[in-house]
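Asks: Each chain, letter by letter, is given below.
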Amino acid sequence: MLLLLLVIVVPAPAYAQQEQPPLVRVGTEGTYPPFSFHDPRTQELTGYDIEVVKAIGAKAGWRLEFVETQWDAIFPALDAQRVDLVANQVSRNPERAAKYGLSSTYTYSRGVIVRRTGDDRIKSVADLSGKTTAQSSTSNWAKVAREAGAKVEAVEGFAQAAALLQQGRVDAIVNDNIAVLDYLATTGSKDVEIAGDAGQAGSEQVLALRQADAALLSQANQAIDALKADGTLRGISQKYFKADVSVQDGGSADLSEGRGPRSTWDVLRSTAWPMFVGLVKVTVPLTALSFAIGLALALLVALARISPYRVLSGLARAFISVIRGTPLLLQLFIVFYGLPQIGLKFPPFTAAVIAFSLNVAGYAAEVIRSAILSVPRGQFEAASTIGFGYAQTLRRIVLPQAARTAVPPLSNTLLSLLKDTSLGSVVLLTELFRESQLAAAESNEFLALYSFAGLYYWVICVALSAAQKRLETRLNRYVIA
Amino acid sequence: MNDIRIEVSGLHKSFGDLDVLRGIGFTTSRGTSTVLLGPSGSGKTTLLRSLNALDTPDRGVVRIDDVSVDFSALPPGKAGRAAAARLRSRSGMVFQSHNLFPHRTVLQNLTEGPVVAQKRPLEEVVGEARGLLDQVGLADKADSYPYQLSGGQQQRVGIARALALKPRVVLFDEPTSALDPELVGEVLAVIKDLATEGWTTVIVTHEIRFAERVADQVLFLDGGVIVEHGPPGQVIADPREERTRRFLRRVLDHG
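Chains as they are written, first to last, in the working numbering: chain E, 204 to 684; chain D, 306 to 560.
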């Protein structure tokens with residue numbers, strides 16, 4: 204079999220000519236149990252899809268790198284070449300087949316409708332008309348719901364959808380029966396139940412690749428066929444579902460003995476450390492770096508803004524106006540998803556630093572500008588009579604005095620930035636908030652986990668506020684007796 | 306001729322429609338004190354600020370010692386700024402509202418210019434600066450911040466800061482106008498000492514009695530021109546021009 208693979212691989216140019224095995228970046232949610240989630244004991248990414256794609260990678264001779272992001276960002280990431288392949292229960296449909304390279308089927312499943320327990324208004328797909336469902340907005344299940352006449356509320360994963368349903372904010376969910384069974388077994392929830400099939404004959408889940416990567420697709424298909432033939436897929440499926448979902452009619456999935464419910468305390472204890480790591484490794488460096496670069500840029504923009512040169516001050520004014528007039532999330536998406544389309548592709552952390560520091564620059568520039576203008580005219584004149592040039596006057600006379608005025612509003616900018624870095628979770632950054640999302644998807648402990656994440660943010664903010672106070676005292680020492 | 310420290314000719318300056326200087330010319334000799342008198346709006350402060358290019362005249366020539374700038378032919382941009390900076394480097398300036406650097410100690414206010422702009426060695430500059438503080442009677446305030454001083458002390462530091470630059474000329478822009486009356490004396494005493502020590506000074510002031518005692522030359526300005534000039538014994542004690550007499554009467558009545 205391996206020999207056969209080798210024969211097929213050799214003519215494929217891009218991947219075969221490299222000496223090292225090709226690196227394949229796999230896009231997956233990491234929040235969709237039991238297909239793609241983090242094992243609460245080890246924090247490792249695991250699940251049916253993860254094990255399947257690992258087996259495929261081993262067969263095809265790939266090196267794998269997993270990139271976790273929310274569902275609605277997965278296909279943009281594939282388009283922007285941030286991932287090479289999506290393994291996340293992608294259902295085959297005509298639209299996707301037209302746009303992407305879809306592999307052989309590795310999961311056969313059926314859609315089911317979930318309702319609040321005892322809600323008799325919803326029994327079949329026909330009953331969804333005029334109702335509201337919660338779905339990942341770009342998923343195949345959302346399409347099914349829309350076609351049935353339902354209004355779709357966009358969510359970031361099944362756990363969120365289930366929470367909305369339980370809270371009565373939506374009427375139903377359409378999703379994969381396996382995902383639903385896993386949820387019921389894991390949470391022990393009696394609040395929601397399966398109302399019936401989602402009408403389709405059944406759905407097929409596949410890997411999605413870019414159409415241009417035909418060689419990679421054919422390697423994937425060869426590997427899937429081989430894994431079906433040698434029973435590997437059946438083994439993985441049995442382990443998770445006690446049925447073989449890799450073939451049609453392989454029995455009903457049974458997840459009743461799966462991951463049982465855990466106590467809130469247990470969930471918090473196992474998540475506290477990964478959240479702390481996300482804080483220390485991503486949130487804090489991202490904040491510090493973006494703030495430092497942003498301040499430097501802000502100073503330049505502020506100086507340009509007050510310079511007598513019309514072109515310079517016009518450009519600065521335009522920059523400030525654009526930054527302050529558009530949402531930060533949109534700026535982040537432009538840098539991360541937009542710029543690659545004109546050939547400017549940055550890794551997630553770099554992209555986030557660029558977007559955040561430009562944003563800081565836009566806001567801080569106005570703070571610095573007004574602080575500079577608050578320094579009395581006589582100080583500039585006195586500096587020039589002792590022989591100082593522009594740069595010396597700024598550095599030694601004006602900025603130290605402007606700092607007094609600027610520190611309180613700049614501290615606000617810093618605190619906002621710290622919290623805004625949670626938006627990094629949507630551009631593939633596993634920072635503090637993303638860690639809490641991952642854990643919440645697996646355990647459904649929204650209140651406890653998000654509160655705990657909030658506690659981390661709050662503690663850092665308190666520390667920063669204390670530092671601000673000390674700095675202000677220091678800067679005030681020459682005006683207050 | 307070598308004794309001429311400041312030479313001004315044909316100086317014109319207007320702010321919008323207002324002609325503030327309309328053809329000013331005068332010279333001052335080395336080691337002398339020149340006092341500019343005149344009603345407010347006469348152009349005396351603008352004239353003083355033109356001597357170190359804080360205000361840029363539209364036309365005319367200013368020469369201080371070896372640096373001469375023809376404002377009629379001032380090149381635009383960087384070259385013009387460099388010429389202005391060279392002229393400025395020949396003088397020290399004492400402001401009406403002292404303009405000390407609030408975030409620097411008294412000593413640092415003095416050393417900043419010589420060390421940072423003139424790039425002279427710190428130790429030498431500090432030694433001189435302490436000497437100057439001693440001279441203005443503030444040796445014990447070297448490490449204070451400006452806010453800890455009285456108005457008169459602040460202005461004396463302002464004078465020491467100007468002297469620390471070792472300028473050829475010291476310019477005073479109404480150095481006592483912002484002070485409480487009881488603090489005026491100590492500042493004028495310091496300025497008088499400088500004059501007797503041989504510094505070349507140009508002083509804008511309303512203190513007529515002080516001008517009488519300290520000035521070698523008095524210039525009376527009105528409407529942007531020099532109406533009358535000469536030694537104080539003539540311009541102040543026995544003015545020829547009616548405008549001068551009217552001004553002096555008014556000021557002395559109130560003084």
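One should not assume that every hint holds.
Simulated restraints on C-beta separations [claimed, not checked]:
no., chain 1, residue 1, chain 2, residue 2, range
1, E, L492, D, D363, 27 to 37 Å
2, E, A670, D, D375, 48 to 58 Å
3, D, D375, E, L492, 43 to 53 Å
4, D, V372, E, T529, 18 to 28 Å
5, E, S510, D, P380, 40 to 50 Å
Rather than coming from a laboratory, the hints here were simulated on the basis of the structure. Think of the CB as a built atom: it goes at the ideal place given N, C-alpha and C, for glycine as much as any other residue.
Asks: Please list, smallest to largest, the hint numbers that this structure does not respect.
Replies: 1, 4 and 5
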